[in-house]
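Residue numbers (the numbering used here), protein chains in the order written: chain A, 1 to 656; chain B, 657 to 963; chain C, 964 to 1261.
Simulated from the structure, these hints should not be mistaken for laboratory data. Keep in mind the model is a prediction, meaning the values are calculated, not measured. Incorrect hints may have been included.
Claimed, not checked - Pulled from the structure, derived: some chain A residues nowhere near chain C, Cβ distances all over 10 angstroms:
#1 Leu165
#2 Arg256
#3 Leu290
#4 Asp325
#5 Leu358
#6 Leu359
#7 Gln446
#8 Arg585
As the list claims (entries may be wrong) - Taking CB as the label site, the calculated pair distances span:
#9 C:Arg1006 x B:Ser872: 23 to 33 angstroms
#10 A:Asp494 x C:Arg1006: 17 to 27 angstroms
#11 A:Arg130 x B:Gln902: 25 to 35 angstroms
#12 A:Asp488 x B:Ser872: 23 to 33 angstroms
#13 B:Gln842 x A:Asp456: 29 to 39 angstroms
Unchecked claim - Computed footprint of chain C on chain B; a stretch qualifies when at least three of its residues, placed anywhere within it, have a C-beta under 8 angstroms from a C-beta of chain C:
#14 859-868
#15 874-882
Every residue, glycine too, gets a C-beta built ideally from N, C-alpha and C.
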Amino acid sequence: MQNAFIRNRTEEFGHDIWSSYVLPPYFPTLGFNEARKSVVLEGGRGCGKTALLRYLSFQSQFSFDRKAVPEDAFKTVGLYLKADSQYFSGFTGAGLSDAKWQNIFEHALCLALAEQIVGAVRTLNCSAERTALYGEIDKLDFDDAAGGFVEGGLPSSLLAFEKWLRSQRQNLSRWFKNFDETKPPALLPLREFLGSLIVEFHAKLPYFATSVFAVYVDEYENLLEYQQKLLNTLIKSGEPPLIFHVAMKPNGMRTRNTTGPESIQEVADFRLIKLDDALAPQFRLFAAELFFFRLIAEAGVPENATPIKLDVLRNEHRITERLSDSLYHSRVFAEMERILPGKSYGEIARDALDDPVLLGRWKRIVTAGLQRLKSRRVADDFLIKDAPEATIICAALLHQRSKNADEVFNELSEYASGNSSKFKEGEWIHHLLIGTLLLLYLPYRQRSCPIYAGFDAFAKLSRTNIRHFLELCHLSIGSFSGGASLSDFSVTIDSQAKAAFAASQKFRKEVAGSGDHGNRLLAVVNILGKVFRLSQSRESQSEPERTHFSILDEETSGAGKTILDEAVKWSVLFEEPETKVKGNRYESNDYVLNPIYAPFFGISYNKGRKLEIQSRDANTILAGPVDQFTLLLRHYEKTWSVIRNDDQFDLDLGGM
Amino acid sequence: MSRFQVSTLTHDERAPPSIGNRKWDMAAISSDELLDDRSKAAIAFTKSHAKAHFEMRFLVGSNVTYVNKLQASFGKLRAQLSGVNSLLIEATSLSYPELLYTLAAATQERVKAISLLYVEPLGYRRNIDNHLCDHRNFNLSENRRFRSIPMFMTNLSEIATGQAVFFLGYEGARLGQAMQQEEVLQPWRKHIVFGVPAFESGWEIDAIANNIDYLSGDDQIQYIAASSVSAAYRLLNELRASDKEQNPVLVAPLGTKPHAIGAALFLIEHDAMDQAVLLYDHPERSADRTEDVRRWHLYDVIDTKSN
Amino acid sequence: MENSEDQSDYIEQVVDRCQKLIHTGIWEGVQESRLTGWLGCLRNCDAGLLGAYLLDNLAFRSRDQYASLLDTVFHDLCFTDRGTQRQLLDVLRKKPEDCAEIKIRVAPVIGHTAPPTKSGPYILRLAQRRYRIHNDWLVWPHTLGKMADLSDIFFVDDFCGTGNQFIEFLMGIEIQEILKANPGVRITYLVTAVHSDGLARINKMYPYVNVVWGEHLRPINAVLSSEAFARYRIPGFSNLIESQYQSAIKYTGLPVKGRIADGFGSLGLAYGFSHATPNNTLPIFWMSTPKLTALLDR
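Chain A extracted, bound-state conformation (with noise of 0.2 angstroms):
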């Protein structure tokens, strides 16, 4: 059962994944097969922008294991390009300008280009059927199509046109060995000469009379400059049947430049389609559909012991279907949450007061409470194990300046009797349980805390990224020992709750990893990070739930800007208008931290108060010196009287 999911990345599954891929729930919305005009594809890691590309490439498109393509497929040839990112940053310089790499990096793009184009026609001909079926590919003539680009004309057939690509492409090769002491090769014009090569398969290749070839450039954020400049260009220029669309991750566009003079705007020269946006409504169902396609592709369970049927996923025509059937939901949540069971609040709460750890702490904490505000009472007052809730969180109440003693003891009676209080009425509990059960389990980090586990907690602390939910499920079931049938098979919440933190902690380190800054982002994770926690751990639980943050007075620049938009481009930080308006004062949008970091750091994953930080702070966290965070963060202790013993979260009670 474990194997299904240990294959998280599309690189992990070749080309032609015509039979993997689920289509995802915004797939309609795409019109990529209609698009005359350039997509601009926006998603952060994880939300399955690279796959949703290889699906709609030729590779998948005809793929062999297809039985019938039908007369769709053609409409838009699909060519997916992933500009390796070492060898495309190393065209620079060497002594020659910036426009001369220019036409290089023309030139290597166009022979790709070509040679994927040719790669089509193979690929929809890979059969003896298929040549049947489709085939007259000994009519094409490439030097009679190009011939006319290259000195000495090009060879005619199919065969030896691609013989003549890859010779090409060794030439190019073989001078970047040595740019000194051999001639460049003759360079390509790209649009010029793919458009020709089309116009070839639209006279002489029936089943492309018509079509429209769309190019596909991945990773568009890696490109330098001037060659993002290029790709702007030929977005700009594009149209059929020859038309450009680029994928990239969010802040990916460092210009909006062309070679000309004028730059490419949205709506005018491209539509923009945000992934992470666009998969957000539909998510949990796309997560517990993949699950559950996963385990049949990959670990043989049968298609009939799960909810989901094979076919739908993958036909585009029935996606619609999908999306409203809601019996259908209700079956597949049904058994996503029977598989992954989570607890309720309340019976988390339950269970903390039965649990001797947890116990002791909530009465150290309403002891504290109620020694500050000079009560006779003793924590057993507010001990009521019927109420489990709400005897939570007078732990937080009893830390609340507004509160005394006696009237959250009255309040709690009225609750417990069944009465109108303000627990319920007053939303208390709506508002404190689970910032206060968070505070119950932060110091304790061995222990799985329940809050983690669930799949509505998994898919909340997944967010859009189906490899962060993938990994989650992954990580629960190693740690089981999988049964025989999948109607016997459920995790437990344990385990469920230790895999969040393992995923949780895989992820936080995997940041230093990210892109030209990823130490610095992973530094600002964890302080942002502590900062929070620090925040859960405030007893009154006065701004319960803080994971967001915006920056108050100044307008973020220079360093902090590069790495606060690192920040979004990674998924580190999410970005999100802010929710209020504060008159005259600038404050920036707000930014979530990503909630697949909250496990770690034993915090909230839902989106609850927001932190204002003062923009000095925040060029500090963005861009300061190490040692300024933890002053920065005794600062924070001090404003929130967060009394702190060697290092400890936990509460200065005179010795524990």
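Start from chain A and add chains B and C according to the hints.
Leaving out everything else, chains B and C in the frame of chain A:
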């Protein structure tokens, strides 16, 4: 039969080794102005044992090579070595591309005997300040980007599969960054090389601890002495020979300088037809490298092709 | 006393790392059940932090790592054969009868206390298999007394701590007599790991013995030494570890004083091979008591 034969002299003292009247025809040293103690010692030694010397510098930002502070083509670099029978390369202060280019020029000019000098710093295992846990020590230096350099440019997307060999050092994130930046390598057979025995016993603990999270079950872990050029070179040739399909071997010299030297020899030997590919991230020389000298290594390389 | 959050995180981090080291094979030879047991015993006497510290600094050589130590010793090792430099392994792969003019022999160092399944003979067998050394070059050390006109003798061993064992060995085989019978013979001690103390003693007492090692341990490798603690710039840390160590020793019944208490020769090491653990390593790692599961095998 491998192309290069390497023999090593290790002088386990702070003071330079006495090698009598041995003198090389030519020496290559770095143009770098930011020299720390050991580079200064190494360069002094080099100059005193060479009849002539030249300065080398490669700026990765602009991909330009400088010989004696003047912009130079690879041909000019080769010209420096024309007629030279013995060359001493001061490898301590040269960056990886500088080392690689000098070696490439030397082999193309058929220099018979090439020696490389490497001086170990008097380093130590990383200190642990203020907090025990790892979110204490933020290494806030810029991450680096992996980028190709002239003469060693290969489009990894064009290679179906191969073996990737990562020589690792003390810093954690570099392997992780490589795997994240070059996702195309995910399905390749990966070998991870740790320097065991390390320069000093116990230093390997940090290298292993800092990289353990990036290792996957399919990776083959290899160990060779941290200061051995010949072991690195031998390992790469063995791995290459073990692949019956003769797929390319990608080399990422992210560890010790001696390993990097061994990797450079391998790259030069098999560079034709993209049989050997370089993956490198060009770390900036940090400003505070004031490490004193620990010990000296002199590696003598015989190029059987030139002899 | 409860650990602080930082300390708890540290312990968890080190334990997590050790588990990964075992799973990836880097610590092949350490058993996870023993690790858990050992830590559990230490936790029982409130010495969890000590356990983490010891693990954080344990240099453990799996078989694969050990092979690299062997390679470091043997590869590129040369000797002078009648004026010419030759690679030792090149010669050892040949049949001795085919090179009767080359008079060298290789013998294991046999300690009095170490069984033949460990140490010298075991290492020699490993080397023989790894490098395809022809059997006839190998001799038992006590037979050396009968040989004459040898130009080189190579003694093979896995670990040299204080040098005691090697020195006793040389005396035991009557090295002085061997030198007389083989005038001009060069003695080389091939040892995969050596400590400065042992090296110094051998250099002093037998200056003509050439020592070739794979790995060199020094005073700083004494894991409870002030030099080792110097890296941990956290106030009170070394005192805390020391006190946990003292209570752990008492609680588990490990020797408080004597020859072995701080590792033989007071070398206080945290070092082991998958095939054996030197007794210079702190007994807390390898000694088993009713209250302590041994982490490593002696």
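Okay, the hints, checked on the actual structure:
no.	hint	result
1	Leu165	holds (42 angstroms)
2	Arg256	holds (45 angstroms)
3	Leu290	holds (27 angstroms)
4	Asp325	holds (43 angstroms)
5	Leu358	holds (15 angstroms)
6	Leu359	holds (17 angstroms)
7	Gln446	violated (7 angstroms)
8	Arg585	holds (36 angstroms)
9	C:Arg1006 x B:Ser872: 23 to 33 angstroms	holds (31 angstroms)
10	A:Asp494 x C:Arg1006: 17 to 27 angstroms	holds (20 angstroms)
11	A:Arg130 x B:Gln902: 25 to 35 angstroms	holds (32 angstroms)
12	A:Asp488 x B:Ser872: 23 to 33 angstroms	holds (31 angstroms)
13	B:Gln842 x A:Asp456: 29 to 39 angstroms	holds (31 angstroms)
14	859-868	holds (count 5)
15	874-882	holds (count 6)
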